[in-house]
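Participant: In the order they appear, the protein sequences are chains A and B.
Our numbering numbers the first residue of the first sequence as 1 and each following residue consecutively.
Our numbering numbers the first residue of the second sequence as 1 and each following residue consecutively.
One or more of the hints may lead you astray.
Copies of the same chain look alike in the list, so a pair counts if it works inside one copy or between any two.
Keeping only pairs whose Cα atoms sit at most 30 Å apart, straight-line, the calculated DSBU-like set for lysine-lysine is [what the hints assert, rightly or not]: (1) K66 / K48; (2) K66 / K82; (3) K48 / K102; (4) K58 / K102.
It should be emphasised that the hints constitute simulated quantities derived from the structure, not laboratory data.
The chain contents come next:
There are 2 protein chains.
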Amino acid sequence: MIEVNGINIGEKFNSFSEYWTPKIVGELNGQFVKLAKLKGEFVWHNHKEEDELFYVYKGQLQIKLKDKIVNIDQGEFFIIPKGVGHSPYAENECHVILFEPKATAHTGNVEHELTVKNQEWI
Amino acid sequence: MIEVNGINIGEKFNSFSEYWTPKIVGELNGQFVKLAKLKGEFVWHNHKEEDELFYVYKGQLQIKLKDKIVNIDQGEFFIIPKGVGHSPYAENECHVILFEPKATAHTGNVEHELTVKNQEWI
Numbered sequence: 001m002i003e004v005n006g007i008n009i010g011e012k013f014n015s016f017s018e019y020w021t022p023k024i025v026g027e028l029n030g031q032f033v034k035l036a037k038l039k040g041e042f043v044w045h046n047h048k049e050e051d052e053l054f055y056v057y058k059g060q061l062q063i064k065l066k067d068k069i070v071n072i073d074q075g076e077f078f079i080i081p082k083g084v085g086h087s088p089y090a091e092n093e094c095h096v097i098l099f100e101p102k103a104t105a106h107t108g109n110v111e112h113e114l115t116v117k118n119q120e121w122i
Numbered sequence: 001m002i003e004v005n006g007i008n009i010g011e012k013f014n015s016f017s018e019y020w021t022p023k024i025v026g027e028l029n030g031q032f033v034k035l036a037k038l039k040g041e042f043v044w045h046n047h048k049e050e051d052e053l054f055y056v057y058k059g060q061l062q063i064k065l066k067d068k069i070v071n072i073d074q075g076e077f078f079i080i081p082k083g084v085g086h087s088p089y090a091e092n093e094c095h096v097i098l099f100e101p102k103a104t105a106h107t108g109n110v111e112h113e114l115t116v117k118n119q120e121w122i
């Protein structure tokens, strides 16, 4: 019987270094699983039709919403409902796993210098 | 400004002890995020229309497919495509995060004594 291994998240994170450029590592049911390294503040945006999950694999992430601040520590997650404006902020380098529909652009409704048009598989 | 915290996966795992009873911890885009504790061998089944992601949060999981065995260590994940028969097996207690459509029954096409009809939120 052939034996294969799962996809190692840590190894995938080691394979790239750029910030704010989500990489695709899995696809299921019309959704992508993505990894991203974050540092500093991202552009304020929303996703009109898509909920977005942030799971902090390493480090700490803060997500600023209109009326509150969400502090997400390592091993925690938070779901931003569709249409809700948000701005991720990481004081130090932070590694996150994202779950979101394939159609989701990471800068949502905003065209920005940080916008990556063609997100790549790793 | 109000500050709130992310949802802590470790604390959620500490809140239940049963094996093979996935608990819902999040919902987005018609999908559920679930946590499950596994030990021993599960019933062979498939999900006709739904891909299913297993992420091993703690421990080790083996998933038997028809033609291969998938070894998923802590920090690794694997996606079982729809229609593919599979049987999870954990020699020792294993904690997994599942990502799958809301409609997914954990025993798939099989009605079994382990089938949990109404999966609960924690």
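Participant: Hints first: check each against the structure and report whether it holds.
Facilitator: Here is how each hint holds up against the structure:
no. : hint       : verdict
1   : K66 / K48  : within (15 Å within a copy, 41 Å between copies)
2   : K66 / K82  : within (14 Å within a copy, 39 Å between copies)
3   : K48 / K102 : both (14 Å within a copy, 21 Å between copies)
4   : K58 / K102 : both (24 Å within a copy, 28 Å between copies)
Violated hints: none; the structure is consistent with every hint.
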